[in-house]
Amino acid sequence: MSHSFTLDGRELPFVPGQTIMAAAQAAGVYIPHLCHNPDYAPHGSCRVCLVGVGRRQVSACTTPVTEGMEVDNNSEAVQDNRRAVLQMLFAEGNHICPVCERSGNCQLQAVAYYTGMLAPHYPPFFPRRPVDASHPDFIIDFGRCILCELCVRASRDHDGKRVFAISGRGLASHLVIDSESGLLGDSCFAVTDRAAHVCPTGAILPKHKGFERPIGERLYDREPISTVGDLRAHEDEVD
Amino acid sequence: MPEKVRVATASLCGCFGCHMSLLDIDERILQLVELVSFDRTPLTDIKTIGECDLGLIEGGVANAENVEVLREFRHHCKLLVAVGACAVNGGVPTMRNQFSLKACLDESYVSGVGIHNPGIPKDPEIPLLLNRVHPIHEVVKVDYFIPGCPPSADTLWTFLTELLAGQPIAFPYTQIHYD
Chain A
0 MSHSFTLDGR ELPFVPGQTI MAAAQAAGVY IPHLCHNPDY APHGSCRVCL VGVGRRQVSA
60 CTTPVTEGME VDNNSEAVQD NRRAVLQMLF AEGNHICPVC ERSGNCQLQA VAYYTGMLAP
120 HYPPFFPRRP VDASHPDFII DFGRCILCEL CVRASRDHDG KRVFAISGRG LASHLVIDSE
180 SGLLGDSCFA VTDRAAHVCP TGAILPKHKG FERPIGERLY DREPISTVGD LRAHEDEVD
Chain B
0 MPEKVRVATA SLCGCFGCHM SLLDIDERIL QLVELVSFDR TPLTDIKTIG ECDLGLIEGG
60 VANAENVEVL REFRHHCKLL VAVGACAVNG GVPTMRNQFS LKACLDESYV SGVGIHNPGI
120 PKDPEIPLLL NRVHPIHEVV KVDYFIPGCP PSADTLWTFL TELLAGQPIA FPYTQIHYD
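Chains A and B, in that order, give the protein sequences. Read in numbering that gives the first Met the number 0, the first sequence has 129 at position 130, and its numbers run on one by one without any break. Read in numbering that gives the first Met the number 0, the second sequence has 13 at position 14, and its numbers run on one by one without any break.
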């Protein structure tokens, strides 16, 4: 027996157990997201994939589809909340796009473009967070980390290394590195790790090739992320 | 003939790149001056602001003079617009927010490389620096934001023409970028 639900009024099939995100992606419908990556277990932390179900808004990446469910992926109310979530992410970190090597290839930026964000709106925190350039091949700018845990999940579940973890609670939550000094250069992190290539922002960056592709010719400079797809599909061009 | 829309512009803690981008509309500036007249702006070199319809602010807020100019603009402009990354979120100058003001001044004027006659300038004519650099919406109410470092000439042209035509402002995808 086939199962179906509706997404913005369009009837789509689903397999029991599938999340709204997975069913939408299978049907080629884009739902904006940052912490979601189909290679890893859903995390539901960034809240960018909010969709309307009944009178509530839920994260599409963690909510299973049910028979006949009506999902709103496009209303003004949903887009407003996604934009507000993104504005909070921008205000909480140090996202100075003009000086970031990831700019144009950045999923955080691209999703913000997609939702029509013109400014971060909230008073910025300007957190004082260090840059770790101790590793020969990679640099970490903690000010750009949005705590999506993709590097944590990739290192733990794919690389079998557990190089990264989130420490602290609430506002004090921050990314930590498993090495005696706490520095990336003293950990077992390597270019070949999946964890090196999953960051949706400019927090984990490869060295020596930041401006190989000029601004204006990058992934999301001409077409929106809903057309181009995630960084995951374009790793060869970016890292 | 209806009265022209009065426009004022200022560069606070910015690099004048956004003003350059405005000039980059090239010959379209002739169409623009048919519709607007410029009040206080670095383009006219008028130093005091009168009653204006539109104020365009480039740059964030980094010193006491920036605060004063920004408040004056808010007071005199019906519509105030943050133009460019620095006005919108503080931009590149906010990189100094990672350090204390004292550390920045020491590095620039006391202990940095290649400094002769070390000493922090204290001429009363030099505006005092704020502890941190701020986006303008932290100081005054802002009516509209145009991101970009700088926003392209086409972005500014879209904004100005649609605003002056009284239309809702809608940018094509390529005209909105944060870098």
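No lab work stands behind these hints, which were simulated from the structure alone. One should not assume that every hint holds.
[As the list claims (entries may be wrong)] The calculated lysine to any residue pairs, modelled on SDA-like cross-linking and capped at a C-alpha distance of 25 Å, are:
hint : chain 1 : residue 1 : chain 2 : residue 2
1    : B       : LYS101    : A       : ALA83
2    : B       : LYS140    : B       : LYS101
3    : B       : LYS101    : A       : PRO129
4    : B       : LYS140    : A       : PRO129
5    : A       : LYS208    : A       : GLU179
6    : B       : LYS140    : A       : LEU182
7    : B       : LYS140    : A       : PHE141
8    : B       : LYS140    : A       : ALA90
9    : B       : LYS140    : A       : PRO126
10   : B       : LYS46     : B       : PRO126
11   : B       : LYS140    : A       : CYS187
12   : B       : LYS101    : A       : PHE141
13   : B       : LYS121    : B       : ILE175
14   : B       : LYS101    : A       : VAL98
15   : B       : LYS140    : A       : GLU91
16   : A       : LYS208    : B       : MET94
17   : B       : LYS140    : A       : LYS208
Do the hints match the structure? See the list:
{"no.": "1", "hint": "LYS101(B) x ALA83(A)", "in the structure": "violated, 35 Å"}
{"no.": "2", "hint": "LYS140(B) x LYS101(B)", "in the structure": "violated, 30 Å"}
{"no.": "3", "hint": "LYS101(B) x PRO129(A)", "in the structure": "holds, 18 Å"}
{"no.": "4", "hint": "LYS140(B) x PRO129(A)", "in the structure": "violated, 32 Å"}
{"no.": "5", "hint": "LYS208(A) x GLU179(A)", "in the structure": "violated, 29 Å"}
{"no.": "6", "hint": "LYS140(B) x LEU182(A)", "in the structure": "violated, 42 Å"}
{"no.": "7", "hint": "LYS140(B) x PHE141(A)", "in the structure": "violated, 31 Å"}
{"no.": "8", "hint": "LYS140(B) x ALA90(A)", "in the structure": "holds, 17 Å"}
{"no.": "9", "hint": "LYS140(B) x PRO126(A)", "in the structure": "holds, 24 Å"}
{"no.": "10", "hint": "LYS46(B) x PRO126(B)", "in the structure": "holds, 17 Å"}
{"no.": "11", "hint": "LYS140(B) x CYS187(A)", "in the structure": "violated, 49 Å"}
{"no.": "12", "hint": "LYS101(B) x PHE141(A)", "in the structure": "holds, 23 Å"}
{"no.": "13", "hint": "LYS121(B) x ILE175(B)", "in the structure": "violated, 41 Å"}
{"no.": "14", "hint": "LYS101(B) x VAL98(A)", "in the structure": "holds, 24 Å"}
{"no.": "15", "hint": "LYS140(B) x GLU91(A)", "in the structure": "holds, 21 Å"}
{"no.": "16", "hint": "LYS208(A) x MET94(B)", "in the structure": "holds, 22 Å"}
{"no.": "17", "hint": "LYS140(B) x LYS208(A)", "in the structure": "violated, 40 Å"}
The structure fails to meet hints 1, 2, 4, 5, 6, 7, 11, 13 and 17 from the earlier list, while all remaining hints are met.
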